[in-house]
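Residue numbers (numbering that gives the first Met the number 0), protein chains in the order written: chain H, 0 to 331; chain Y, 0 to 331.
Hints in this document: simulated from the structure, not taken from any laboratory. Small disclaimer: the values here were computed from a predicted structure and weren't measured. Even for Gly, the Cβ is constructed at its ideal location relative to N, Cα and C. There could be a bad hint or two in this list.
Restraint-style ranges between C-beta atoms, simulated for each label pair [as the list claims (entries may be wrong)]:
| id | chain 1 | residue 1 | chain 2 | residue 2 | range |
| --- | --- | --- | --- | --- | --- |
| 1 | Y | 135 | H | 311 | 20 to 28 Å |
| 2 | H | 62 | Y | 147 | 51 to 59 Å |
| 3 | H | 139 | Y | 147 | 20 to 28 Å |
| 4 | H | 103 | Y | 236 | 51 to 59 Å |
| 5 | H | 314 | Y | 236 | 35 to 43 Å |
| 6 | H | 52 | Y | 96 | 37 to 45 Å |
| 7 | H | 296 | Y | 147 | 41 to 49 Å |
| 8 | Y | 143 | H | 203 | 45 to 53 Å |
| 9 | H | 308 | Y | 147 | 36 to 44 Å |
| 10 | H | 59 | Y | 159 | 27 to 35 Å |
| 11 | Y | 41 | H | 111 | 29 to 37 Å |
| 12 | H | 231 | Y | 275 | 23 to 31 Å |
2 protein chains.
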Amino acid sequence: MNMVKVNSASAAIAFGALLFVPAAFAADDPLPSWNDGASKQAIVDFVTAVTTEGGADFVPAGDRIATFDNDGTLWVEQPIYVQLAFALDEVKAMAPQHPEWKDTEPFKSVLAGDISGVAASGKEGLEKIIAVTHSGMTTDQFDQTVSAWIATAKNPKTGRLHTEDIYTPMVEVIDYLKANDFDVYIVSGGGIEFMRPWTLKTYGIPPENVIGSSIKLKYEVTDAGPVLMREPEIDFIDDGPGKPVGIQKFIGKRPIAAFGNSDGDFQMLQWTTNAPGKRLGMIVHHDDAVREFAYDRDSHIGKLDKALDAAPKEGWHLISMKDDWKQIFPTP
Amino acid sequence: MNMVKVNSASAAIAFGALLFVPAAFAADDPLPSWNDGASKQAIVDFVTAVTTEGGADFVPAGDRIATFDNDGTLWVEQPIYVQLAFALDEVKAMAPQHPEWKDTEPFKSVLAGDISGVAASGKEGLEKIIAVTHSGMTTDQFDQTVSAWIATAKNPKTGRLHTEDIYTPMVEVIDYLKANDFDVYIVSGGGIEFMRPWTLKTYGIPPENVIGSSIKLKYEVTDAGPVLMREPEIDFIDDGPGKPVGIQKFIGKRPIAAFGNSDGDFQMLQWTTNAPGKRLGMIVHHDDAVREFAYDRDSHIGKLDKALDAAPKEGWHLISMKDDWKQIFPTP
């Protein structure tokens, strides 16, 4: 800076300008919650490559498709999947209308708060819980029930609302991709209509960009007008090999970037990255026992084993929550 | 106009300005192929109402969902559905690899060009034709086959390419809605992957905004990399009561405007218009035997009977191709 004689007013302005420099730098960084390092660099390099017109890796805007798993990739999935917590709470809320549940598994265990009892009821028990809590109502009624629950339900371990139990660095990636004309989708094993009521407000992703597991719907005309009834029958499981199927079904285009955290995302990552052109596959690795949870190969929830082994060979980047993320959760 | 003394240069400019007036008017009219009348007025009034901020009928941009049937609503469906023409042509193209078809129905009739023989083979015959022509290949291969076929296939009655056998007035409605921040979807009984290869270029509607009938897909990893195989099993029929189901499944929002032409669109129209707020339901009525085809209640293709009866009571507007459309097809 050249030394010039200034009056006090212009000195104050110059001093003010200096004060604002860091803020200006922060605003220029699309990923402020990420530490500098290989993961952040991989994201920035990828976006730069596919958006540079005339470059070898340029991808036109309409083909910039990015997919994100939800549980464990965008929000906390421990100690139990949020949707299971919803189902258990719903059983409790519905119990007064079902006195027989006091003596019938798996409801008896749910009402007693006995999670190991619920687990002991196995897949069949879980299906019964999902059936009574997720079907037999209209799509509008289910939307209202989910919306009311998600507005107040908290993670028992973190104490945060589930919609605040989200990974700020990943939301920054979503925003960064959207700012670069990507179409961003959630591709989750979770229920499509369990996610749609809150994803726009929470992640900036609208209902039509949410892909998930679904049950059959049935169109019925009632005295109050037409409704879509939620039937107790699986329509589609959007997990594992179902993820590329769901992507093709809903989008009809192959993603160029995919983000997951578990073996359920293996095929989505494989489908995304095993194709010509520049591709990005990333895995959120839960290795921060202090700020979040540390789990991978041996976890019942969000098991990451096969995809962890395949990552180096497939060129998938591991995101270390511990090392790569300056901040994990939104500032309260 | 005031009479003023002008030099010849400014007179030429003024004369030029007069010449350009009609062009300027045309540019301001979002629906130039429509005759003035109740149908055009209904569209303009609806769009004005839902986009007027502060107005009683205002709908925010993200909730402005409009759905269009395809066959008979956006393009010609006579003398046979375009997708059936594709399937029949594919049988002929595949015949050299299937010498047994010469003696097996329904293929024998297809190869002999005997449409009544094909019809006589019934639903079972049609399913066989669809199975061999629509499954057993990857999604990429099917995309390529459809793209190659649609580039040259013509309607035997109109002599036009199918992608030029489209209704210009309806494309104007799509453009008009998009210009007013509507999200526009095709919701067709036709195959989703039969439509996606050409809808962007033909109607300006991208693959992810195409909803249709589908067969099951299966993710497989081959030596050449992962593929999605098209399986010979129905996944979803997007017709009749399936249309509201498909809309909810793919979009997760209820349309505020719907356009159809047959009884297969009845439930989509019903679902769209039987809800609070300003709604628009319109039916393209094929009543122009001279410029297109005239058919409704008694047609095997695009049968319009129940929805024609219901239209006045439901407030659905009938679009008369004969009276409402100045021009039907694109200018060659």
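Verification of the supplied hints:
The given range of 20 to 28 Å is broken by residue 135 (chain Y) and residue 311 (chain H), whose C-beta atoms sit roughly 36 Å from each other. At about 21 Å, the CB distance of residue 62 (chain H) to residue 147 (chain Y) disagrees with the hint of 51 to 59 Å. Separated by about 44 Å at the C-beta atoms, residue 139 (chain H) and residue 147 (chain Y) break the suggested range of 20 to 28 Å. A beta carbon spacing of about 37 Å between residue 103 (chain H) and residue 236 (chain Y) contradicts the range 51 to 59 Å that was offered as a hint.
At roughly 40 Å, the beta carbons of residue 314 (chain H) and residue 236 (chain Y) sit within the given window of 35 to 43 Å. At roughly 44 Å, the beta-carbon separation of residue 52 (chain H) and residue 96 (chain Y) lies within the given 37 to 45 Å, and the hint holds. Checked against the hint of 41 to 49 Å, the C-beta distance between residue 296 (chain H) and residue 147 (chain Y) comes to roughly 47 Å, which is consistent with it. Distance hint check for residue 143 (chain Y) and residue 203 (chain H): the Cβ-Cβ separation is about 35 Å, which falls outside the suggested range of 45 to 53 Å.
Between residue 308 (chain H) and residue 147 (chain Y) the C-beta distance comes to about 41 Å, which sits within the given range of 36 to 44 Å. Here the CB-CB span from residue 59 (chain H) to residue 159 (chain Y) is close to 29 Å, well matched to the stated 27 to 35 Å. The hint said 29 to 37 Å for the Cβ distance between residue 41 (chain Y) and residue 111 (chain H), and at roughly 60 Å that hint is violated. At about 29 Å, the CB distance of residue 231 (chain H) to residue 275 (chain Y) agrees with the hint of 23 to 31 Å.
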